[in-house]
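Asks: So you can see what is in the structure, the chains are spelled out below.
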Amino acid sequence: MKSWLTTTDHKRIGLLYFWTAFGFFLIGGTEALIIRAQLVRPAGIGVSAETFNQLFTMHGTTMIFLALMPLSAAFFNFIIPLQIGARDVAFPRLNAFSYWVFLLGGLLLNASFVAGPLFGADRLSVAPDAGWFAYANLTSRQFSVGPNVDFWLLGLQILGIASLAAGFNFIVTILNMRAPGMRMLRLPPFTWMTLVTQFLVITAFPVITVALVLLMFDRFFGTHFFVPSGGGDPILWQHLFWMFGHPEVYILILPAMGIVSEVLPTFSRKPLFGYTVVVYSGVVIAFLGWTVWAHHMFSTGLGPIADSVFAGTTMLIAIPTGVKIFNWIGTLWGGQLRFTTALLFAVGFIAMFIIGGLSGVSHAAAPADLQQTDTYYVVAHIHYVLFGGTMLGLFAGMYYWWPKMTGRMLSETLGRWHFWLTLIGMNLAFFPMHLSGLFGMPRRIYTYSAELGVTRFNQLSTVGALTIGIATLIFFWNLLSTRRRPINAPNNPWGGATLEWAMSSPPPVYNFTVIPTVANRLPLWQTERHAPMEPLPERPPAPIHVPGGSWWPMITALGMPVMAIGALSRLLPVVLVGAAVLIVGIYRWAYEPFET
Amino acid sequence: MPLLLAAVLVVLTACSGPFPQSALAPHSDFSLSLDHLFTNIFWWAVVVFLIVEALLLYAIGRYRARPGARAPKPVHGHTALEIGWTLAPALILVFIAVPTMRTIFETAGNAPEGALRVQVIGHQWWWEYRYPTLGIAATNELHVPVRTPVQLEMTSADVIHSFWVPRLAGKRDLIQGRTNRIEFRADSAGEYWGQCAEFCGASHANMRLRVVVQSDTAFQAWIDRQRAAPAAPAKGSPVEMGQRVFRRSACIGCHTVTGISQGKIGPELTHVGGRATIAGALFPNTTDMLHRWITNAPSLKPGVLMPPQALSAADLDAVVAYLQSLK
Amino acid sequence: MAHAHRTSMGLDSRKMAFWAFIGSECLLFGSLISTYLVYKGRSLVGPYPHEVLNIPFTSFSTFDLLMSSLAMVLALAAVQRGDMKQGKLWLLVTALLGMVFLGGQFWEFSHFVREGLGLTTNLFGSTFYVLTGTHGAHVTVGVIWLLTLWVQALRGKLGPGQALTVEITGLYWHFVDVVWIVIFTVVYLIQ
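Protein chains in written order, with this note's numbering: chain A, 1 to 596; chain B, 1 to 327; chain C, 1 to 191.
Check before you lean on any hint, since a few could be wrong.
[Stated by the list, open to error] Facing chain C, according to a computed beta carbon distance under 10 Å, are these residues of chain A, among others: (1) Leu94; (2) Pro180; (3) Val201; (4) Leu236.
[Claimed, not checked] Some chain A residues well away from chain B (every beta-carbon gap over 10 Å; in silico): (5) Arg219; (6) Val249; (7) Gly303; (8) Ser308; (9) Met315; (10) Ile350; (11) Leu452; (12) Arg483; (13) Asn492; (14) Pro573; (15) Tyr587.
Because the hints were derived from the structure by calculation, they are not lab data. Every residue, glycine too, gets a C-beta built ideally from N, C-alpha and C.
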């Protein structure tokens, strides 16, 4: 147990991220199921408006910050050092710190569900309830009286620190710790997409941090940054939030695109088609992602010139995105396709993401968007790209890399059930939402009029959601039941081309007995110009120093939720204690002898 | 798979009745422009969808691994293809972008001379309308004349709301401290449904509205009724009793009835009897609903400021009769 | 501290991480400065900038911070050549000049408060104090960091082998100085 609390090994941290994130995914999924149960009929099933508003807020916040991002982080952690030929990340203790901060931030957010009595609320839950993007001025102290929004803004500030720290860590790791011969354009596409994603993280998260701090000042200290009566402009919140929020959606999708770019070549037995284009399109998407944010604000009255500019940039970004899809099809084309579950999910990604992408293009047309925005049409778009896209991509990664991470194979039979039920369930759940939106159902409503005629669509969505739930449970069973299997997965069960398949499954603690020298993009394959890399020696020629663990990342991390609790309870001494823990932790960490 | 589902959905839903809040049944110049633009994009999307999915399905069918087959050719890319499948989407986007920009400027909300101006003020969770050129006000049900340009000048008294009547207009937000404009010309008389489309708190789902598009004569008649002060009720009538109950109850603290009370917190009730709906277009304006609403509004509309009223049965009947008389 | 390993780009990993951090901080301060600019001229009530800002005084603060960057450069040069006597001196001078800057900020802010400009008085007060306060917090962290190094040097535990740490400290300090130049220009000089 102690070794897990003090671990600085990227592989263990990756597993910690995975299980924690998967747990939050199940929580977010439960929130979705309750939402869908309530919406199965117009008058609902008895979920109150207040509870419903908390549920959709927490569903969005949990899925984005506590499930999708950390599930991607599980793979950044486990796989990146292996793919680049390194023994660990650049800053192992900082890596552990990111994990603990994520866990604690997620716990703080979810603690709000039961913290009501501590705040004299008349209900158990004071969970955030202003939507996952918390528009001002609904979030002002005047209109959001309880601690709900405070939990949200403090929790997200803490989570932001986790993401930023990981961002710095992985940028340096990927740029600076590559094996000899691993030139940038020989990096696996997953590593490339991760690098691009981390640049987005370190530039976008400061912006939301500022927005959250300004909101915190409004709510705690009486400023008027977003309060009209004091001269503030609620629209400033939207600009700041979406300047973060749009890069955030690319942070969410690019890693999954990277996974797809790994899985398709392995199971087609041919290289990724258009590697350079796929890499550069990811970079272009990241840059363009900064130019489109106000397409979330088309109904706010930006004016026709701003509307036109953002409509234009949003359409532009469809081009590099589309290019990737064609390159993926090009990868499959002419290949020898083995339909493992990983490949099924990767193909599913392509099939579903194109739908989300096309509804995205319809959103780009600002006037048309005036009918679509804030309705179930955009809920459909979001879920096609984030579930049909990111989640299916992440599932592909799970089936692909599970043997490497645990030494055990997942059941392919259960995997097929998981895949088909998920594909059917998600289309049943989300396709009708295009229609319920176009027929007048706004989002974030706990009840709707029977006369709108959208009841039937809602029923289908609910059945679809339940199907996804069952599929997920099957997957969970798959994960759990393999723990009883012997750890006997081969080094390279799928015949992959990249370095993570060069050592045992799971890898030894030092990853590589000898750091290889890399000659091309596909080191483990026979290519036109290169034989496969020589197998790594069984044992390292000399003992390899592996750093021990450290308590200081976890202890330092603890300082922040303590400060947050102090803020929530308006107890300055508690804030100071938290700050002291943070400062002492940093000092002890800085002066701790730690050899990487 | 999605295509199959779409077909199933179309079949399942074909039996459904009219969709009163449909964005696909435009009845104004504004919503017609939006519908044209959407239709254009929709068909392009269908084309792209069919091409991509067909290529994908072909690839996964045709290139299944067959035992004993040769290793696939290690193709790394193809420059001409890359250029082609970059330019083709770009070209399609031009066909979408040009009508988009045109529609943006067409629907920017600038009304021609002679448009009827209506100010819309959003509250949690009801709508206030003022007609500055006509000197009247209204609540929740917006009356406009048919085939006449109408300009809505919208702001909020509290949080951000969004005015959305899909058949007549795209939505625009109501933001405190700003004025947003919608301009439209309805093409046929009728009652059009809408609701708030920006999450605005506990009863966001219950903030609904109606737009009543009327012929010029009917509209003028409505204006005249709105201008008129309520008639004095007949002595000894239930309506008169109800007026007395109203005057001595909490009602006057929040509601305005011309000549009787000046409360500014809740909607004006001077013409509540003439509306088809109550409580933010949430319920039909019936005797039963009025009873239930006055007795315990928060139980019907969570978070609403109007507290439950403890009136005797007789008083309640009387005040309902009074409200119904305020046409 | 970790040994320097061979790195793919030839740059020490800690230095590279710090440059990434500085890039991130540019977005942080950029957002705060943008907020200041968006709300410039939109205060509903006074005091207004021209009524309270004292350019001569703040110019002196700015000069003080610039001199502190010079001291930092001298400190690093000394540590790199192994002259720890000079190294300790210039580290302390940098920290002291930083403290003078902070003292000046406190004096200036209390003066503004006496003139009626509080955090919540108007948009100018809110944006000004949050922006300069965030910068001041960064200076404070820098001063603590410098004093920590100074104490470490007093204990004989800082030498040319730790030159990278001092260099990174210098990077941080110079960055904080540059941010101040931008704030000074945007808030004080361009009114």
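Asks: So which of the earlier hints does this model not fit?
Replies: 7, 8, 9, 10 and 11
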